[in-house]
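**Q** Sequence:
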Amino acid sequence: MDSSRSEIFDSDKQPSVKSRYRMNTYLDVPEDKTGKFYLLFTLKERIGELIASLKVFEAHGINIVHIESRPSRSHAGCYEFLIECNAMDKQVKSVFKTLQDIAENVTIQTFGPIHECNGAMISYLQAINNNNNIIIITVITDVVPWFPKKIKDLDLFADRVLTYGSELDADHPGFKDEVYRKRRQLFADIAHNYRHGQPIPRIEYTKEETETWGLIYKELKKLYPTHACREFNHIFPLLEQNCGYSEKCIPQLQDVSDFLKECTGFTVRPVAGLLSSRDFLAGLAFRVFHTTQYIRHSSAPKYTPEPDVCHELLGHVPLFADPNFAQFSQEIGLSSLGAPDEVIQKLATLYWFTVEFGLCEQEGKRKAYGAGLLSSFGELQVPFLFKRLSTIFRSVYFSTA
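Counting from 1, one number per residue, gives the positions in the sequence shown under the UniProt record's numbering.
Since the hints were derived computationally from the structure, they do not count as laboratory data. Owing to the predicted nature of the structure, the values given are computational and were not obtained by experimental measurement. Even for Gly, the Cβ is constructed at its ideal location relative to N, Cα and C. All clues stand as given, with none of them false.
The calculated label-pair distances, taken between Cβ atoms and stated as ranges, are:
1. N233 with H66: 37 to 47 Å
2. G77 with Q327: 16 to 26 Å
3. R181 with I151: 26 to 36 Å
4. N105 with C249: 48 to 58 Å
5. L350 with G214: 32 to 42 Å
With a straight-line cut-off of 35 Å between C-alpha atoms, the simulated DSBU-like cross-links for lysine-lysine are:
6. K36 with K150
7. K248 with K221
8. K182 with K152
9. K55 with K44
10. K149 with K261
11. K93 with K150
12. K248 with K365
13. K221 with K182
14. K44 with K261
Model the full assembly from the supplied sequences, consistent with the hints where possible.
**A** This is how it looks when you write it as structure tokens:
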């Protein structure tokens, strides 16, 4: 929601009668009708503080429907609470008054209805703080893009791929290989039919597919000790021990998902091909990594025009087992939910220059942590010199990661 105009009304500048009516603030809600209110307050980190506050709501017969908390950024040793409740106006006024004796920075907020005005969507926010100052903010907003509210909502777009999947472009190495195309269709069908909560189907990879994986795996493993960041090198042996990573075996997504969930709460789910930036980021918000299961064509093991299982499992998965990286990834995903297209583009660009092809410096040496580097022995073999820089954003690498 973009707030483009804010007005603070005091005793010298009161809203007009028309404005009061349209704002439908809590002062205008009839005392015998129930409405939705938000109360914000700060409590010191002491035993019994929250219980005492919640008993105030119980004593006034108010139904709490949602509660959130976070460490206060402005008051050390305190926590900030947001409580959503359904109540009548007179009940909220009573709770507001009582809470001021228990908590600090008590504020009531309520939103008015949304109106259309000159093509824009307008609503209003009213807040009343401890000093009984009334702050009314005009909020002008565009229609918020749809975004998943719960993890099961990821099922609604997981098969909405932009390109590739079972369809290959004419310049794809496997375009003329009918056997390869049928395998791609198999992987696409598995992804299309998968739903959250189901076990991920196990794949019986062909000898040719396993040999392609083994070639890439063998070459990359030689380079990881000297070229990959320390976090990657710490986790990679654990994947070999727990998920069947080896030169002779392509890991199964369910095993990888179970391991990640134990480490950081991340899981993986199959996807047929490239997702849009918005859809892929939305998955990260729920700590879900959309992963392809197909492998690049055997005729071009050093090259893939789209992310494949080598890119996913060798490039991305190891760092999703790192708590700091997992938290960073989820925060990018959360930032994308409901964001306008221009913000999505910025987040995608950030992702490209870091998670896909990022370098870091450790012990005085440049190390790779970007998945595009860690899954390509051709890329890793090129010295990390800054004489040649790529500053071109290529969305194809980002979209499904």
